[in-house]
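Participant: Residue strings, one per chain:
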Amino acid sequence: MAHDLGFWMLQALNALQLSMLLFLLSIGLTVIFGLMHFVNLAHGSLYALGAYFAASLAAIGGYWMGFFLAPVAVAGAGVLLYSGLIKRMRNSGPMAQVLVTFGLIFALLDVTRFFWGDLALAIEIPAILDGRLTFLGIEYPAYRLFIIALGLAIFAALAVVLDRTQIGAMIRAGVDNDAMAACLGINVERLFFIVFCVGCGLAGLAGAVAAPLLSVTPDMGLQILIPTLIVIVIGGLGSLKGAIAGSLVYGFVQTFGAVLAPQAASVLIYALLAAVLVIKPAGLFPAKG
Amino acid sequence: MKRAILAALGLATSLAVPAAAEENIKVGLLLPFSGVYAALGNDIEAGFAVALEQFGSEAGTGFDIVREDTEVKPPVALGKAKKLILQDKVDVMAGIVSSSVLGAVRDTVHGAGVPLIVANAGNDEATGTSCSPYITRMSFSNGQVNRPMGQWMHDQGIRKVYTLAPDYAAGRQMIGGFVESFTAAGGEIAGQEFTPFQKTQDFGPYLAQAKASGADAVYVFYAGGEAISFVKQYDSFGLKADLPLYGSGFLTSPLYVNAEGPAAEGVITALHYVPTLDNAANAAFVAAFQAKTGRLPSEFAVHGYDAARALIEAAKTGAHDRASLAEALRQVSFDGPRGKLSIDPATNNIVQPVYVYETVAAEGGLTQKVLAELPAEADPANGCEMAPVSN
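As they're listed, the protein sequences go chains F and B. Numbering (my numbering) for the first sequence: 34 to 322. Numbering (my numbering) for the second sequence: 208 to 598.
Some hints here could point you the wrong way.
Once the Cα atoms are required to be at most 30 Å apart in a straight line, the calculated DSSO-like pairs of lysine-lysine come out as [as the list claims (entries may be wrong)]: (1) B/K576 x B/K367; (2) F/K313 x B/K233; (3) B/K233 x B/K547; (4) B/K289 x B/K367; (5) F/K274 x B/K406; (6) B/K233 x B/K280.
Please keep in mind that the hints were generated in silico from the structure rather than gathered at the bench.
Model the full assembly from the supplied sequences, consistent with the hints where possible.
Facilitator: Following this line, the structure appears as structure tokens:
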């Protein structure tokens with residue numbers, strides 16, 4: 034099979050699109066972990082919840098209503114989750130946290146099944162993003178370009194907030210040494226809460242954005258969880274740079290693996306994960322030097 | 208005095224219970240009501256119930272239903288099957304959606320000699336090398352629904368095809384059935400890819416490959432959530448115009464097609480049932496199913512419906528216990544919504560026509576336009592060796 038330059042560009046865009054989707058998911062998870070030392074395995078369920086909220090809202094008020102309100106609704110669910118469960122689990126050690134949030138995955142799975150049923154739902158791509166754009170001799174779906182642009186925009190916004198604002202400095206201080214940050218008068222607990230809600234909202238956004246591309250099924254959260262965990266382990270826990278690097282590595286390895294070595298495609302990323310853990314156990318860009 | 212009354216009561220009930228139990232056939236329904244295939248389990252159960260309502264009175268006996276949830280987990284399903292066989296002492300079992308669940312319960316069912324009517328699981332081995340005189344399949348086999356499509360597509364002038372399917376047994380068997388007949392007819396496979404099962408979110412990389420392969424058409428098997436993602440992504444890349452999409456009919460099943468939306472328009476696939484089949488039995492089935500659920504029946508619903516009908520047909524012959532029901536089920540044949548159905552006694556697999564259909568837009572959503580009826584053919588024995596029907 035002869036592949037021209039256009040083919041490889043198309044695949045690069047595919048890789049970028051997958052990376053950005055994973056970035057939206059992993060950034061929330063990784064910062065929550067970095068700041069709170071809390072492993073929220075139910076993060077994938079919040080992504081599924083976002084997709085379901087978006088599907089319901091889109092049925093009422095069109096795509097954009099789902100797009101803007103689903104993240105807010107998921108952040109709301111995050112508030113409930115935080116005050117009901119996670120606050121109490123803060124000091125109970127990683128094993129208990131993992132077990133509780135793992136159980137939460139199945140509880141939320143049944144909640145979505147109870148409210149939305151077993152049949153897959155769908156959201157139509159909005160008219161403005163439907164169709165394809167032609168540039169540099171290739172044709173690419175506009176909606177996928179939208180995901181890429183959105184991912185980059187969120188990345189830029191978070192980079193500015195974390196690097197240039199006071200709250201960003203407080204978050205970085207909290208990630209670096211939460212006890213010291215608390216001594217300096219930062220309300221770490223409130224900071225945790227805000228970061229947790231924003232992380233949940235971003236997971237909801239990822240769900241809303243992914244819904245028109247994929248199908249909205251109860252188990253979509255479980256399917257995305259492993260890739261997200263791989264991203265944050267490769268990238269390094271707790272850092273924005275790590276999340277974007279991990280996402281890009283995952284997206285490109287997965288996409289080009291599928292093209293160049295389809296037989297090994299599903300193993301490649303795990304092999305890479307093992308390699309990273311051996312060579313740089315803390316990941317590529319860990320938050321703490 | 209009190210003791211005497213109690214004794215009399217006890218005697219009376221001990222006499223009455225076996226008499227009542229002999230009248231009804233006890234049926235164990237083994238279906239997933241939770242897990243990834245819950246929607247299928249519910250559809251099959253609804254179809255089963257509709258058939259009992261419509262034809263139950265003809266059986267000359269009643270049916271007691273015990274339902275168990277397999278959760279689509281082989282070990283769980285095996286435990287539930289054992290419970291149905293040993294504790295509930297069912298006369299017959301029906302259900303099983305997943306082929307891996309069927310594989311797990313096969314030896315137990317065979318060893319206990321309890322007839323099992325398979326209402327979905329399509330792996331070729333179940334009526335091939337691991338066939339059993341106690342296991343009768345009223346659904347389909349993976350090869351069966353795809354094999355006729357190879358010749359048909361070649362007849363339409365398609366010469367080079369690129370195939371895609373998830374990388375697991377059903378995916379390989381479905382595509383295998385198609386490739387075998389398409390190449391036998393003189394067609395060429397331009398390329399083949401099996402995507403990681405339930406791990407593929409983005410089909411983009413594979414679609415670009417298919418486009419670059421120089422094929423005339425793409426033939427795929429996907430089901431459930433993957434089918435929805437695939438059809439939508441295929442359309443979003445604008446491939447449908449130059450590279451028409453064909454496949455196994457599960458791709459655009461009525462259960463999922465509304466979630467696929469306009470992306471599914473024009474996709475041509477082959478399946479053993481669509482709700483738009485034009486025959487009296489189907490009209491009655493569709494009406495009854497819609498009255499019960501408010502939805503159009505899917506191919507899964509018809510599996511449940513025909514499984515119950517096979518059981519009723521078997522009971523009509525006077526079969527009542529495990530052994531006689533198993534024998535009777537192997538000889539069942541009737542006209543159903545899918546057309547003329549019969550069981551091939553050599554493999555215990557269903558023999559049925561396969562329909563080529565196009566998904567088209569109509570008032571109130573998408574519907575299935577039947578393009579061709581491909582004649583029923585019994586599967587090859589595939590290494591199945593069984594005692595012939597005895598009575």
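Participant: B/K289 and B/K367: Cα distance at most 30 Å?
Facilitator: With a Cα-Cα distance of about 48 Å, the restraint between B/K289 and B/K367 is violated, given a limit of 30 Å.
Participant: When you check the alpha-carbon spacing of F/K313 and B/K233, does it fall within 30 Å?
Facilitator: violated, 61 Å
Participant: Would the hint linking B/K233 and B/K547 be met if the CA-CA limit is 30 Å?
Facilitator: holds, 27 Å
Participant: Run the distance test for B/K233 versus B/K280: straight-line Cα separation, threshold 30 Å.
Facilitator: holds, 24 Å
Participant: Next pair to validate is F/K274 with B/K406; report whether the Cα-Cα distance is within 30 Å.
Facilitator: Given pair F/K274, B/K406 holds - Cα atoms ~26 Å apart, limit 30 Å.
Participant: Within 30 Å, alpha carbon to alpha carbon, are B/K576 and B/K367?
Facilitator: Cα-Cα ~25 Å, so holds.
Checked against the numbered hints above, the structure breaks hints 2, 4 and satisfies the rest.
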